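Protein chains: 2
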Amino acid sequence: MLDYTDMRILEELSNNSRLSMKELGAKVHLTGPAVSARVMKLEDEGVIEGYSIKLNQVKLGYFVHAFITIITESTHHAPYLSFIKTQEGNIVRNYKISGDGCYLLECKFPSNEILNTFLEELNEHANYKLSIVIGK
Amino acid sequence: MLDYTDMRILEELSNNSRLSMKELGAKVHLTGPAVSARVMKLEDEGVIEGYSIKLNQVKLGYFVHAFITIITESTHHAPYLSFIKTQEGNIVRNYKISGDGCYLLECKFPSNEILNTFLEELNEHANYKLSIVIGK
DNA sequence: CTCTTTCGCTTTATTTTTGAAAGGAGTTCA
DNA sequence: TGAACTCCTTTCAAAAATAAAGCGAAAGAG
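As given, the protein sequences belong to chains U and Y, one line each in that order. Per my numbering: the first sequence = residues 1200 to 1335. Per my numbering: the second sequence = residues 1200 to 1335.
Treat the hints loosely; a few may be bogus.
Just so you know, same-sequence chains aren't split out, so a pair can sit in one copy or run between any two.
[Said to hold, decoys possible] List of simulated lysine to aspartate or glutamate pairs, EDC-like, C-alpha gap at most 16 Å:
id, residue 1, residue 2
1, K1258, E1248
2, K1328, E1211
3, K1253, E1242
4, K1335, E1305
5, K1295, E1305
6, K1221, E1211
7, K1253, D1243
8, K1295, E1211
9, K1328, E1272
10, K1253, D1205
11, K1226, E1210
12, K1258, D1202
13, K1221, D1299
14, K1335, E1248
In case anyone wonders, no lab produced these hints; they're calculated from the structure. Predicted model, so just to flag it, every value in this text is computed and none were measured.
With the hints as constraints, model all of the structure from the sequences given.
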């Protein structure tokens, strides 16, 4: 289904999704129209879900990056879920998980103070375990 | 430093980094050359770190997505770190964290069998707690 | 207040890229 | 052998990017 050239295309677009079709073609030894047709096929098949940018969160003012394991006390998660919907600016992703907790929440904050406020509000809806990202 | 238009640009490029400068300009009420200049400035400042694609991991054959909290027994992490370097295809990211563990490892696997093999090898270098991603 | 500089934008014009269309080579299958 | 299909290249018109020139508002100096 996906051949080596397709993998190479995905690799190159992962590194730089703004390559022109001509440049991308040169990298994978195809002409512009040929590579363009393959990319469109990958989009249609849903292999490529979208095109995005990598942002420097520190330069956007988010100095704190954290993962929070959520343990909801009760069996209904709605209060927690509606709470995080009010916190979209700080939330990167909310993964439903099996294992040690119900959710794994990846989030970002401008400061520890704001993280602290967040945690206090969070604690009204769920228990948590906090991991601050130090590197990489 | 970053004004409202810059934020709008980042928002639009996050949704679709392959917009033409002309289309992007229309969305933020600028001409092509004007947006292009702003985007180049955002790149030079390092706010935009790169352009990438979102891939459907399931369609690439990765059916299992997991977060693994790593607890290294000894104080030197080198054995663990060199082990994960041999596993690049399965590893999305390795975060150094404070909190419950030394690292948080995000990874993906084609099957539970391959995850199992990975865990057995991992266990030679570190203890771990496994969380499988179920959704979102 | 006026002159000058700077900044950010638009307009214009050239170069480059995209994308549609036509056609060719290799493969499969009857 | 030849029809149908796939995947590519070539060609060319339309669209976009890019470089350059110029405009107008804001800031600073005399």
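Cross-check of the supplied hints:
| no. | hint | verdict |
| --- | --- | --- |
| 1 | K1258 with E1248 | between (27 Å within a copy, 10 Å between copies) |
| 2 | K1328 with E1211 | neither (38 Å within a copy, 34 Å between copies) |
| 3 | K1253 with E1242 | between (20 Å within a copy, 10 Å between copies) |
| 4 | K1335 with E1305 | both (15 Å within a copy, 12 Å between copies) |
| 5 | K1295 with E1305 | both (11 Å within a copy, 14 Å between copies) |
| 6 | K1221 with E1211 | within (13 Å within a copy, 24 Å between copies) |
| 7 | K1253 with D1243 | between (24 Å within a copy, 14 Å between copies) |
| 8 | K1295 with E1211 | neither (31 Å within a copy, 27 Å between copies) |
| 9 | K1328 with E1272 | within (13 Å within a copy, 21 Å between copies) |
| 10 | K1253 with D1205 | between (23 Å within a copy, 15 Å between copies) |
| 11 | K1226 with E1210 | within (11 Å within a copy, 29 Å between copies) |
| 12 | K1258 with D1202 | between (39 Å within a copy, 13 Å between copies) |
| 13 | K1221 with D1299 | neither (48 Å within a copy, 48 Å between copies) |
| 14 | K1335 with E1248 | between (25 Å within a copy, 15 Å between copies) |
When the structure is compared with the earlier hints, violations turn up for hints 2, 8 and 13 and for no others.
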